[in-house]
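Heads up: the protein sequence lines correspond to chains A and B, in order.
Those letters in the first sequence? Residues 0 to 144, by numbering that gives the first Met the number 0.
Those letters in the second sequence? Residues 0 to 218, by numbering that gives the first Met the number 0.
Keep in mind the hints are simulated off the structure, nothing from the lab.
Hints may contain errors.
[Stated by the list, open to error] Coverage of chain B stretches by chain A, computed from C-beta distances (three or more under 8 Å per stretch; other residues unrestricted):
(1) 48-57
(2) 73-79
[As the list claims (entries may be wrong)] Covered stretches of chain B, as calculated for chain A (at least 3 residues, CB under 8 Å):
(3) 0-14
(4) 36-45
(5) 144-153
(6) 161-170
Beta carbons: idealized from backbone N, C-alpha and C, even for Gly.
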Amino acid sequence: MKARRSLPVAAAQMAVLLATLAAALLLLLLPPVATAPAQEDMTTLAPEALAPHSRPAASFVHDTHNEKARIEDCGVCHHGTTEDGRRDPAAPSSEGTPCADCHAADNGSRGKGTPLERAYHRQCMGCHKQQAKGPTACGGCHAKA
Amino acid sequence: MQQLYNFAVGPLAWVAWAVFLGGSAWRIASMWALARKKDMNAVAYMDVRFAARSMARWATPFATLGWRANPAVTVATFSFHTALVLLLLFAPGHAVLWDYAFGVNVWSLPEGIADVLTVLVILLCGFFAWRRLQLPTVRYVTRPMDWLVLALVAVPVATAFLAKQQIGDNLLMSTLHVLSGEATLMALPFTRLSHALFSPFTRAYMGSEFGGVRHCPDW
């Protein structure tokens with residue numbers, strides 16, 4: 000009797016586990032969630048240099064943000080650099096120059112300077128933390144459309 | 000909530016790592032001192048070769064009689080631990096935090112794979128909970144501590160899923176994810192999660208006892 004009872008228990012466990020694993024595998028077959036491409040200028044930050052984008056584009060409405068944050072000096076974000084490429088608040092600001100022109104897209108690059116993704120994250124999250132205003136969690140900026 | 004999140008990923012993260020590392024060092028040191036005091040024979044018989052042999056066997060699915068006895072649990076436990084460790088070390092969101100805070104570029108899992116592993120861990124937590132509730136032999140040895148450690152894994156992973164998929168209030172889910180993850184990190188040395196620290200020693204002990212004293216395999 001005991002031997003007959005133990006087999007169904009093992010089989011039941013296997014059945015539950017297989018159902019569990021099948022559920023996880025089904026997810027692989029689902030089509031990936033498409034993210035809306037940025038249609039208008041300056042409503043999102045999704046630099047081509049970082050494509051393919053793995054998260055939804057960071058929402059950023061340029062004028063609204065700067066009004067709300069009371070940023071009047073372009074150089075706060077479009078910072079200038081010293082001759083050897085270091086960030087320099089005193090240098091002329093750099094608006095019009097894409098960030099990717101100086102910041103390498105490859106995060107693994109060991110070259111000079113801050114890579115592009117890190118530069119964005121540090122610029123935005125760093126200021127948001129410093130000012131104790133604005134989102135710092137992933138989904139706060141990379142919100143699904 | 001935003002300030003709580005900033006506090007959780009900032010100062011509290013340092014506290015959590017300090018408690019985890021300090022607590023782990025203290026637990027291993029005090030256990031080692033206890034072993035030397037109460038079980039010097041076992042310490043004297045410790046043998047690297049037998050220990051490594053036992054670890055290799057038990058780290059391989061179905062390489063031991065124990066792993067063959069219950070295939071469902073073997074598949075579940077290996078999948079669960081592998082997925083969990085991969086996510087802890089290589090979740091894309093974790094990699095961004097290493098990069099942001101320390102300028103360290105860590106390899107990370109593709110988003111789709113990380114999502115599947117996350118769901119897998121949640122479902123396997125459900126499987127383990129089902130066993131504790133439904134199987135008499137498992138229910139009999141289940142203590143409140145077992146539910147606590149299951150929750151300490153399930154809550155951070157479930158909130159990670161909700162935060163990543165942006166289901167529910169995103170800031171709340173992100174905050175709960177970080178806070179519960181830090182609770183788990185701090186609890187690790189002081190709960191049954193400490194098997195993460197002690198399992199190599201358990202295997203070293205069993206391997207050496209069976210190899211050097213009983214002269215038979217421990218698998």
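Hints the structure fails to honour: 1, 4, 5
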